[in-house]
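A.B. asks: So you can see what is in the structure, the chains are spelled out below.
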Amino acid sequence: MKTKHILPAVFLTPAMVILAVLALVPTVYAVVISFQDRELSRPDGQFVGLANYLSLFSDRRFINAIQVSLSWEVLTVVLTLVMAIGLGILLFECTTPKVRNLLSLLFLVPVILPRVSAAFVWKFAFHPLYGIITYPYKALTGQPLDLLSNPLTALGTVALVDVWQWGLFFSVIVLKLLETLPPQPFEAARLDHAKTWEIYAYVAIPMLKAPLISLAFVKMIESLRAFDLIYVMTRGGPGISTETLDMYAFSQGFIESGRISYASSMAVLMMVATSIAFTFIWKRARI
Amino acid sequence: MITKSLVSSIAIACAVFGVTSSAAYAAQCSGTIRVLAQPRDGLTLLERYKDEFVKLSGGADFQIDYLNENDRRAKTKADASTIGKYNVYYIDEANVALFASSGWVAPLLDYYPKENDYSDFDPGRQKVATYDGKVWFAPLTGGGDLMVYRKDLLEAAGIHPPKTLDEYVAAVEKLNQPDKGIYGTALRGQRGSGANVWRWMPFFKGFGGNWFDGKTPAFDSDAAVKATETYLKIFKYSAPGSQTGGWDEAVGAFTSGQVAMLIESTPLVGMALDKKSSQVADKIGYLPPPTPLTGGGYGHGLAIGMKANADDAAKQCAGLFVGWATSKENEQRRLEEGQFSELNRTSVMTSPKFAELYGPDLGQALAETGKVTAVNFWQSPQWPDLGDRWGIILEELITGTRTDVQGGLDELNDFAKDLVARSQ
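Each protein sequence line maps, in turn, to chains A and B. Under our numbering, think of the first position of the first sequence as 1, with each following residue one higher. Under our numbering, think of the first position of the second sequence as 1, with each following residue one higher.
In short, the hints are calculated from the structure, not lab data. Heads up, some of the hints might be wrong.
Claimed, not checked - To give an idea of the interface, some chain B residues facing chain A are shown, with a C-beta separation under 8 Å as derived from the structure:
| id | residue |
| --- | --- |
| 1 | Ser102 |
| 2 | Thr164 |
| 3 | Gly241 |
| 4 | Thr244 |
| 5 | Ala253 |
| 6 | Gln258 |
| 7 | Lys276 |
| 8 | Pro381 |
| 9 | Glu395 |
| 10 | Gly400 |
| 11 | Arg402 |
As the list claims (entries may be wrong) - Lysine-lysine pairs mimicking DSSO-like chemistry, simulated, CA-CA at most 30 Å apart:
| id | chain 1 | residue 1 | chain 2 | residue 2 |
| --- | --- | --- | --- | --- |
| 12 | A | Lys123 | B | Lys275 |
| 13 | A | Lys123 | B | Lys371 |
| 14 | B | Lys236 | A | Lys138 |
| 15 | B | Lys275 | A | Lys138 |
| 16 | B | Lys163 | B | Lys417 |
| 17 | B | Lys174 | A | Lys138 |
| 18 | B | Lys163 | A | Lys123 |
| 19 | B | Lys233 | A | Lys138 |
| 20 | A | Lys195 | A | Lys123 |
| 21 | B | Lys236 | A | Lys123 |
| 22 | B | Lys283 | A | Lys138 |
| 23 | B | Lys174 | B | Lys127 |
| 24 | B | Lys151 | A | Lys138 |
| 25 | A | Lys123 | B | Lys328 |
| 26 | A | Lys138 | B | Lys276 |
| 27 | B | Lys180 | A | Lys138 |
| 28 | B | Lys75 | A | Lys123 |
Since this is a predicted model, take the numbers as computed values, not measurements. Using N, Cα and C, we set each Cβ at its ideal position, and we do this for glycine too.
Next comes chain A alone, as it looks inside the complex:
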């Protein structure tokens, strides 16, 4: 009996020690320096209490970054799931097994591409003078279409690339999930003369609620790490209209100011806010 109690500890300890070193040390360090006034060029900082945190709330770029980050989360998570479910059902309904497998393979390609490479390819595709996507508009109207320089369309355009990468991948997962469902509920619904959309809306998707919620969580976490995609495509512009929180923190820490304490205070706030929000959503989703 005693061995049974010790064994988990034996296996868990090395992993926990590694995790503590890799995750806990930098986290604690970030929290500590967020209460200082350290800059890259002035490493001997003083403790300044909550000054960095208080400054954040009068910083218009920080407030804007919160709004952009929230918009980005909602836009990418919702569009990815809508695309994944829609395409997954289409593949399940309209294709033969051979075509399904071939399309599944193709749909995996975007997510395998390194994000920075994908961002460069799409950035060029959206270029108003040479881009293949904007070319038809230019050919028809004679006017260039500059989607990435327009504050109204820039975030949505970058989000499309994110959805292209993840929506196609998730559609393959949804397809595989649909294939695992038992056929009886579908047959019963058809006997009751349910239409195709009703079968999916009232039978299939409710049966897939748990894995779909998990997919939504995976995407929410992934969307928080979209720095590379946005940075390559817009650098936070035009102006600050696509500047997310992580991008602004990086910008303050390393690109513009070297204000690593100020940047850390943003990172700490982000960590606290996402932990609380995700815990809350997770608990609500399980109910």
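Dock chain B against chain A, hints included.
C.D. replies: Structure of chain B alone, referenced to chain A:
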């Protein structure tokens, strides 16, 4: 593969006999000299002659990691202030004050081989490499501005090459024909002290603007407002993509034949004349920027890192690499390869080979523009911070996410006051 760290030592014989030349130290270099740079044809060319450096250094190799300009600036700053993995940094006029005053790079001339003759570099480039009376980098590129125009388009429109800013604005307006795929000009809209702010500064300084009045920020001046309004006015005729684009977008639009005229840094001429990359090589003319614009004097180059080169011998080895990379021999190789923008030495730019390749007109234009080339930016460690902040506000104004020029300058003024207070 594990990269060997740079290991070097001073030969006992050197110490005993008091031999202090860099060549003597060089024979003791080993390991890999790590260089963090931004892509430059001249640096790529160096890789072809790696064996030459290995022989010269007595066994040391080198490895160059490339990042684009903005990323290179961020990464060099992060590396130099923390772990210091790189022996040699590519730095530029905008951050030389920060790197020097923070002690992240060593005074160059203490370690630059005398036989490589630093005084041969163009005096303008030496000036921007100097901060607080000391030289900090050896130039790889640099210069001022030139107004480059399409002779065919100007002739067809009956326009003489503009000599004043008013003439320039009128010409740009007239030459802008989007329905024919020709845009009046190409400016830089992308945020950054080295991007949109760099192209805006000649207007600011040309209209008599100053960054500070004594120790008080003076950005909300009439000159700044007029400069910004003029910049925004010309932007109406700037090629699509340039609103959030930088040097690459502006140059790309011009060399692909879609822009009538622009004012850009001098390397543009070399690129526009190169038939391999330019569709307008036979159609361009160049002159100094129209008055009262000043030229944006700039210089990029290699500096010796302090942290990765822990001792004097390591600094000597890094200095040997910098000396070799920027030597006259390597610059002549760049000239032969047609790398106009990589030329920095007076002896090379006044050589018969240069005149043979580029003709007397370019030499004349470079000499003329040298007279109006100025250091437009604020020479301070705080400059990148201030310049980048203005870059964001300017990008907002260009893309229309804000419209109040005076409000933007006032915001910058407040930011500058806070910046000055923090630095004290």
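A.B. asks: Tell me, which hint numbers fail for this structure?
C.D. replies: 2, 7, 13, 16, 18, 20, 23, 25
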